[in-house]
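Whole structure, please, built from the sequences with the hints as guidance.
For the sequence shown, our numbering begins at 1 and goes up steadily by one.
Calculated from the structure, these hints are not laboratory results. Keep in mind that a hint or two might mislead.
Stated by the list, open to error - Between beta-carbon pairs, the in silico distance windows are:
(1) Gly-61 - His-106: 37 to 47 Å
(2) Lys-123 - Gln-97: 36 to 46 Å
(3) Gln-26 - Ala-59: 30 to 40 Å
(4) Ala-121 - Asp-50: 15 to 25 Å
(5) Met-22 - Asp-83: 33 to 43 Å
(6) Arg-78 - Ala-121: 12 to 22 Å
(7) Ala-59 - Thr-122: 12 to 22 Å
Claimed, not checked - Once the Cα atoms are required to be at most 20 Å apart in a straight line, the calculated DMTMM-like pairs of lysine to aspartate or glutamate come out as:
(8) Lys-123 - Asp-71
(9) Lys-123 - Asp-6
(10) Lys-123 - Asp-11
(11) Lys-123 - Glu-70
Where is the CB? At the ideal position from N, CA and C, for every residue including glycine.
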Amino acid sequence: MQTIADIMTRDVRSVSPQESIMRAAQLMDEMNVGSLPVCDGTRLIGMVTDRDITVRATAAGHSPDSTHVEDVMSAQVRWCYEDQTVDEVMEQMADSQIRRVPVLDHNSDALIGIVSLGDMATKHSAQVDRTLEEISNPSEPDRPQLNS
1 MQTIADIMTR
11 DVRSVSPQES
21 IMRAAQLMDE
31 MNVGSLPVCD
41 GTRLIGMVTD
51 RDITVRATAA
61 GHSPDSTHVE
71 DVMSAQVRWC
81 YEDQTVDEVM
91 EQMADSQIRR
101 VPVLDHNSDA
111 LIGIVSLGDM
121 ATKHSAQVDR
131 TLEEISNPSE
141 PDRPQLNS
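Spelled out as structure tokens, the structure:
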């Protein structure tokens, strides 16, 4: 069976929780990505997405140069280990409706990579269509909706 180490992207960049969301957006632009792992040293503590920056900060009127990544990031992060099977992680992605999963070293728990649905589609022969379908199902809002 193929493991995550076989298909993951190893050259992953992260952002500190104390960085501004402006810097996070600049990194996303430089790398042409929509999300970044948030690390305290090598320890994964969250993920921040372009959507987090837009919805949780910009829409609320927060300044991009003074709002910290930790103020808008998602702290409940799904992650995997490099020695897990691709099929196991695909199931986790489908269950959680996520397209990217940070990869941790099994011995040190340090961030060593990231695996995306695209990595699986191009480097693994598994049934990616089913996973994409489950990821794409509408999800519940992550916070209560205000009544009009």
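Taking the CB of Lys-123 and the CB of Gln-97, does the distance hold inside 36 to 46 Å? violated, 22 Å
Whether the CB-CB distance between Ala-121 and Asp-50 falls inside 15 to 25 Å: holds, 21 Å
Taking 33 to 43 Å as the stated bounds, is the beta-carbon spacing between Met-22 and Asp-83 within them? Check passed, 37 Å falls within 33 to 43 Å.
Does the alpha-carbon distance linking Lys-123 and Asp-71 stay inside the 20 Å limit? violated, 35 Å
Kindly confirm whether 12 to 22 Å is satisfied by the beta carbon distance between Ala-59 and Thr-122. violated, 34 Å
Within a Cα-Cα threshold of 20 Å, do Lys-123 and Asp-6 meet the stated pairing? holds, 8 Å
Within 12 to 22 Å or not, the Cβ separation of Arg-78 and Ala-121? holds, 19 Å
Is Lys-123 close enough to Asp-11, meaning Cα to Cα at most 20 Å? holds, 16 Å
Please check whether Gln-26 and Ala-59 have a Cβ separation lying inside 30 to 40 Å. violated, 19 Å
Hint check: Lys-123 vs Glu-70, CA-CA at most 20 Å. Holds or violated? violated, 33 Å
Satisfaction of the hinted span 37 to 47 Å by the C-beta atoms belonging to Gly-61 and His-106: holds, 42 Å
When the structure is compared with the earlier hints, violations turn up for hints 2, 3, 7, 8, 11 and for no others.
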